[in-house]
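Chain U: place on chain A using the hints.
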Amino acid sequence: VLHELEILPDTVLVIRGDELIPEDEMVRDEDTIEVRPVISGG
Amino acid sequence: VRCRKCSSRAVIGLPRHNSAFCSACFDEYVLDQVQRAIKSHRMFGRDEVIAVAVSGGKDSLALWEILARLGYRSTGLHIDLGIGAYSEVSRKKTEAFAQARSLSLTVHALREEHGLGLSEIADGLHRPACSACGVIKRYNMNAIAAEHGLPVLATGHNLDDEAARLLGNVLHWQDDYLDKQSPALPASHPKLVRKVKPLYRLAEREIAAWAVLHKIDYIVDECPNSQGSKMLIYKDALNRLEAAAPGTKHHFYLQFLDRQKTRASHAAPSPDLRECASCGQPSTAEVCSYCKLVSTLKVVP
Numbered sequence: 001v002l003h004e005l006e007i008l009p010d011t012v013l014v015i016r017g018d019e020l021i022p023e024d025e026m027v028r029d030e031d032t033i034e035v036r037p038v039i040s041g042g
Numbered sequence: 043v044r045c046r047k048c049s050s051r052a053v054i055g056l057p058r059h060n061s062a063f064c065s066a067c068f069d070e071y072v073l074d075q076v077q078r079a080i081k082s083h084r085m086f087g088r089d090e091v092i093a094v095a096v097s098g099g100k101d102s103l104a105l106w107e108i109l110a111r112l113g114y115r116s117t118g119l120h121i122d123l124g125i126g127a128y129s130e131v132s133r134k135k136t137e138a139f140a141q142a143r144s145l146s147l148t149v150h151a152l153r154e155e156h157g158l159g160l161s162e163i164a165d166g167l168h169r170p171a172c173s174a175c176g177v178i179k180r181y182n183m184n185a186i187a188a189e190h191g192l193p194v195l196a197t198g199h200n201l202d203d204e205a206a207r208l209l210g211n212v213l214h215w216q217d218d219y220l221d222k223q224s225p226a227l228p229a230s231h232p233k234l235v236r237k238v239k240p241l242y243r244l245a246e247r248e249i250a251a252w253a254v255l256h257k258i259d260y261i262v263d264e265c266p267n268s269q270g271s272k273m274l275i276y277k278d279a280l281n282r283l284e285a286a287a288p289g290t291k292h293h294f295y296l297q298f299l300d301r302q303k304t305r306a307s308h309a310a311p312s313p314d315l316r317e318c319a320s321c322g323q324p325s326t327a328e329v330c331s332y333c334k335l336v337s338t339l340k341v342v343p
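So the protein lines, in turn, are chains A and U. For the record, in the first sequence the residue sitting at position 25 is 25 according to the numbering used here, with numbers rising by one throughout. Residues are numbered in the numbering used here as their position in the second sequence, beginning at 1, plus a constant of 42.
Everything labelled a hint here was simulated from the structure, so no lab data went into it. All figures in this text were calculated on a predicted structure; none of them were measured in a lab. We put the CB at the ideal spot given by N, CA and C, even for glycine. Any given hint might turn out to be false.
Taking CB as the label site, the calculated pair distances span [said to hold, decoys possible]:
1) A:36 <-> U:314: 41 to 49 Å
2) A:5 <-> U:321: 48 to 56 Å
3) U:142 <-> A:35: 26 to 34 Å
4) A:36 <-> U:81: 30 to 38 Å
5) A:7 <-> U:60: 20 to 28 Å
6) U:233 <-> A:5: 47 to 55 Å
7) A:4 <-> U:329: 52 to 60 Å
Here chain A stands alone, though its shape is the one from the complex (with noise of 0.2 Å):
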């Protein structure tokens, strides 16, 4: 997913309901993730 966006790994974590997904996971078509930024600016 991170990679056909080419959004930067540690730039944000994928979350799928409670549980986080590594970064080498595939994600199914019908699944609904959450791609949180975790940088911060301060």
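Frame of chain A; chain U shown alone:
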């Protein structure tokens, strides 16, 4: 992917350590890294009460929770910067976190002190909001901690923050700042408290993951004033390097710290501190930066 320690299903990969962990082993890794940071820099002891600077973001709330889990006594300090809805949500999340865990919290509201929020103050001073914010937070956090008799202030700065700051300091050869860039700064004046950064060994993404795994309800939105900040530009550059060569940020910052130990004997002595003529807080000038900022607003501190 399987956990490197116990072979359960991994929830997070850590390319910089060529590793992956399940939830339980990742928890152990995070607590171990923080304890290692505290011990190696002699940040504080279990007999001290630690002031934790809490913004409502992932790093500071995770730090507060981790210190509690490690058995340290702490109290939270929150500055309500008065940046519209962002500050309202940040404060609410901080207060809810403290209340749910029966942790004590002191809130200092800028708008109650000056009648203005940070954005209006920065506009009035014609200076960038982040620069005024730094002065305001440093001054108030120290003053409140000292007033409460707390010997040490812990902030949630992480490996990414420190590596980005180091990159900025190196790019501009800020020797003074390089000398002071340490996870533990001693109190160099009776009215200054020690400043420590127990999360410096953990990457920003690792802390966010830990916060999610522990269901910490933090503010995900970024401060509206930080858009386009230099810190974000430096972090982006470092994250591009990290993607190509995992471990770059870790080596860049931790090897700087190793070199700093040998540089310490050659470092310039700390500047002489006197007490600000206006507020009495420590300052290198006759009037401290905070009082200068406030006097420009023509508001008495």
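Query raised in the report: Among all the numbered hints in the text so far, which are the ones the structure does not match?
Result: none
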